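**Q** Here's the letter readout for the chains.
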Amino acid sequence: MTTILKVEGLVKAYTGGTLALKGIDLTVEEGEFIAVIGPSGAGKSTLLRSINRLIEPTEGTVAFLGEVMNSNSKRSLRRWRAQIGMIFQHYNLVNRSSVLENVLHGRLGYMSPLAGVLGRYSEEDKQAAVDLLTKVGLGNEVFKRADELSGGQMQRVGISRAIMQQPKLILADEPIASLDPKSSSVVMDTIYENCRSRGIACLVNLHQVEVAKKYATRIVGIKGGAKVFDGSPEELTEEMIYDIYQGKEHEMHAQASGE
Amino acid sequence: MQQETSFQAYPSSKLEKTGKPSGKKIRVGHRKTQLQNRLFFAAAAVLFLVCVSFLDLSWEQFTNGLSSIPNIASKVMTISFDALPDLTDGMLTSIIIAFLTVVISVVLSILLAFLIAENITPVKWAGRVLRYILLVIRTVPTTIWVLLAVASMGFGSMAGVLGLIFPTSSYLIKSFAAQIEESGDETIEAMRAVGASWLQIVFKGLLPGLLLPFLAIVSFRFEMEVAETVMLGMVGAGGIGVLLQDYISYYEFADLALGIIIVFVTIFAVELISNRVRSRLARR
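First to last, the sequence lines map onto chains H and V. Here the first sequence is numbered in my numbering, starting from 123 and rising by one per residue. Here the second sequence is numbered in my numbering, starting from 34 and rising by one per residue.
One chain only, chain H, in its complex shape (with noise of 0.2 angstroms):
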């Protein structure tokens, strides 16, 4: 197995002096499907976006398939970004492009930038959003706008638009917290399935501790910027669950919060 991401001593300040992560480890090997749980403001979101950098992170590194990234060329966090996915809780899709054009944003990251301005995606690419489109169950929505899609086929899109990057590690943040049950189950479905696949590693922040256990291959629990659990999700009993989510018991079953 080889080692797709090493996160070390990962530390991040905000200004004003609040640590929201505080010097955490994480080792991701191929393949794995990795859930990470906490109530909010614990730092899932910060943890994942230290990854591929949308967030700066104060100390530490991330060494991706054994390199260690930095922001200090842009065209190699480029480079690293466009092989590392990101679903986002609100889909964060371009609303009033076609939800084709949306899957084919993921393959900015490899085209030159004049082409990707002018929107020269090859046929296979196009050939391939289409075809992964079907696959999701979204074959007859592919000229739609994507504002016309429900919330569970909007994110559908934010999973291929991700997939389409041919990535080796998605990170997805809250990817059902904005879905109805049923949409949320389709949709976590869609990400495992694919994943595994395909063979891409996941990352993928959850509140809800069922669903968790129910597809992760390892769980990580984050507690005030800290990692405080890190194992198999028979691992994970129910006191240290108790433990996490301590003072936010609310937000451990909690499907669609709303938030």
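For the record, the hints were derived by calculation from the structure and aren't laboratory data. Here the structure is a predicted model, which means the values were calculated and not measured. Please note that the accuracy of each hint is not assured.
As the list claims (entries may be wrong) - Quick list of the computed label-pair ranges, beta carbon to beta carbon:
# : chain 1 : residue 1 : chain 2 : residue 2 : range
1 : H       : G261      : V       : R313      : 28 to 38 angstroms
2 : H       : D302      : V       : P155      : 33 to 43 angstroms
3 : V       : D218      : H       : E332      : 28 to 38 angstroms
4 : V       : R313      : H       : K266      : 19 to 29 angstroms
To be verified - So these bits of chain H aren't anywhere near chain V, every CB distance computed over 10 angstroms:
#  : residue
5  : E152
6  : L187
7  : R201
8  : E223
9  : Y232
10 : V239
11 : N262
12 : L271
13 : R283
14 : Q287
15 : A299
16 : E315
17 : G369
18 : K370
Just so you know, even glycine gets a beta-carbon here, dropped at the ideal spot from N, CA and C.
We have chain H; now place chain V onto it with these hints.
**A** For chain V alone, kept in the frame of chain H given last:
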């Protein structure tokens, strides 16, 4: 559960005791606020009196002026259609000046807006410097810009367009940038995450969603611009304002009356159309 117990901590008998009327009138207002209000009005009254004495307003001039109003009014009431061709030509020129100014300014503004919008600016300090330059441009009144242009280009439409480009562009850049800052964050995050470059984020991520709001801003600015060109014609920027200025100086009130009506109808129509356009855009 906790809430219920804390509520019971205040037995109803206690509430009755404090609610008893004590014979004295109860003050309703907030004392500090009342005091502030009184102080404010007193200061405003003093300031007004000082200003009146400073300007040396004479009652005599006012009454004389009042007596001549019926005279002027009756002159303006008579309409002559002799100047109709000149006036329509002038009005058209004014509209064209406004249109050209807006088009040129939009071209100048779009990319600059992305340079200064806080959430997408590629170089933070350069964006800030540009912001201050725009602030300076905006604080100089439009009339001054046009007069400067007239001074260097001579009277006419050329000076009008040139002079109006400065305030128009700075207005558009600021409004566009505010729109970008308001609507872009989530898309920007997603586009950065796929490894898109700055230009790709702007063109593929942001512009598709911004075109309609931008169009609404532009139509509003065009509406303002038409009204502005009429006025600025009076200082030599071409268009119908030049004619109006002439009629006033030569006491040709019959022609002036027609001019005022033409201006009124045109601006009214432009505003109506631009409102229609914006409400259509909002519904899409």
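**Q** Next, verify each hint and record whether it holds.
**A** To see whether the hints hold, each was checked on the structure:
In this structure the hint that G261(H) and R313(V) lie 28 to 38 angstroms apart at CB holds, the actual value being about 33 angstroms. Look at D302(H) against P155(V): about 40 angstroms separates their beta carbons, and that is inside 33 to 43 angstroms. Separated by about 31 angstroms at the C-beta atoms, D218(V) and E332(H) satisfy the suggested range of 28 to 38 angstroms. Evaluation of the 19 to 29 angstroms hint for R313(V) and K266(H) yields a pass: the beta carbon distance comes to about 22 angstroms.
With a cut of 10 angstroms on Cβ distances, E152(H) stays outside the contact zone with chain V, its closest approach being about 21 angstroms. Distance to chain V confirms L187(H) as a non-interface residue, since its nearest Cβ pair spans about 15 angstroms, more than 10 angstroms. A beta-carbon of chain V is positioned within 10 angstroms of the beta-carbon of R201(H); the least distance is around 7 angstroms. Distance check on E223(H): its Cβ comes as close as 8 angstroms (rounded) to a Cβ of chain V, failing to clear the 10 angstroms threshold; non-interface status is violated.
Not every C-beta of chain V lies more than 10 angstroms from that of Y232(H), the closest at about 8 angstroms, which undercuts listing it as non-interface. The claim that V239(H) lies off the interface is violated: its Cβ sits roughly 4 angstroms from the closest Cβ of chain V, which falls inside the 10 angstroms cut-off. With a minimum CB-CB distance of about 22 angstroms to chain V, N262(H) clears the 10 angstroms threshold, and the non-interface call stands. Annotated as non-interface, L271(H) keeps its C-beta farther than 10 angstroms from every C-beta of chain V; the closest such distance is 15 angstroms.
A beta-carbon of chain V comes within 10 angstroms of the beta-carbon of R283(H); the shortest separation is about 7 angstroms. In this structure Q287(H) is not separated from chain V by more than 10 angstroms, as the shortest Cβ-Cβ distance comes to only about 6 angstroms. The beta carbon of A299(H) sits about 14 angstroms from the closest Cβ of chain V, which is more than 10 angstroms, so the claim that it is off the interface holds. A cut-off of 10 angstroms between C-beta atoms confirms that E315(H) is not in contact with chain V; the least separation is 21 angstroms.
Remark: the non-interface label on G369(H) is consistent with the geometry, its nearest Cβ contact in chain V lying 14 angstroms away (cut-off 10 angstroms). With a minimum CB-CB distance of about 16 angstroms to chain V, K370(H) clears the 10 angstroms threshold, and the non-interface call stands.
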